[in-house]
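Novice: Sequence:
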Amino acid sequence: MILNPELTMEKAELLKLLSNPLRLCIAHQLTQYGECNVSHFVNCMDASQPAISQSLSKLKSAGIVKIDKRGNEVFYSLTNEEVRNIINLLFNE
Numbered sequence: 001m002i003l004n005p006e007l008t009m010e011k012a013e014l015l016k017l018l019s020n021p022l023r024l025c026i027a028h029q030l031t032q033y034g035e036c037n038v039s040h041f042v043n044c045m046d047a048s049q050p051a052i053s054q055s056l057s058k059l060k061s062a063g064i065v066k067i068d069k070r071g072n073e074v075f076y077s078l079t080n081e082e083v084r085n086i087i088n089l090l091f092n093e
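One point on numbering: in our numbering, the residue at position 79 of the sequence shown is 79, and numbering is uninterrupted.
These aren't lab readings, by the way, just hints derived from the structure by calculation. Please read these numbers as outputs of a predicted model, since none were measured by experiment. Please note that the accuracy of each hint is not assured.
What the hints assert, rightly or not - With a straight-line Cα cutoff of 25 Å, these simulated SDA-like cross-link-like pairs (lysine to any residue) come out:
| no. | residue 1 | residue 2 |
| --- | --- | --- |
| 1 | K66 | E81 |
| 2 | K66 | M1 |
| 3 | K69 | S48 |
| 4 | K60 | L24 |
From just these sequences and the hints, can you work out the full model?
Specialist: As structure tokens, this is what we get:
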């Protein structure tokens, strides 16, 4: 089987993005709860609001999460089933 170099690079970039512990934790929370706002992440993680917001921004830019604005609140959810599958595999869920 010949590997597609572009596909290999795409998968490596996805794993690189998830290799950050905070982003991995965010993806795990979104897999468990479906959608969360920044306050949820701040309350359950040992990280600052700016660090969480920066991580969410990177995940959004990569097309891994989407936002849903409701009034003054922004809720995040996973859009990438591949990430959901990776999280389930990593955490045996």
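Novice: Now look at each hint and say whether the structure bears it out.
Specialist: Status of the hints after comparison with the structure:
1. A hinted pair counts as satisfied when its Cα atoms are at most 25 Å apart, and K66 with E81 qualifies at roughly 13 Å.
2. At most 25 Å may separate the alpha-carbon atoms for a hinted pair to count; K66 and M1 exceed this at roughly 35 Å.
3. Between the alpha carbons of K69 and S48 the distance comes to roughly 21 Å, so the proposed pair stays at or under 25 Å and holds.
4. About 13 Å separates the Cα atoms of K60 and L24, which keeps this hinted pair within 25 Å; it holds.
The structure does not agree with numbered hint 2 stated previously, though it agrees with all others.
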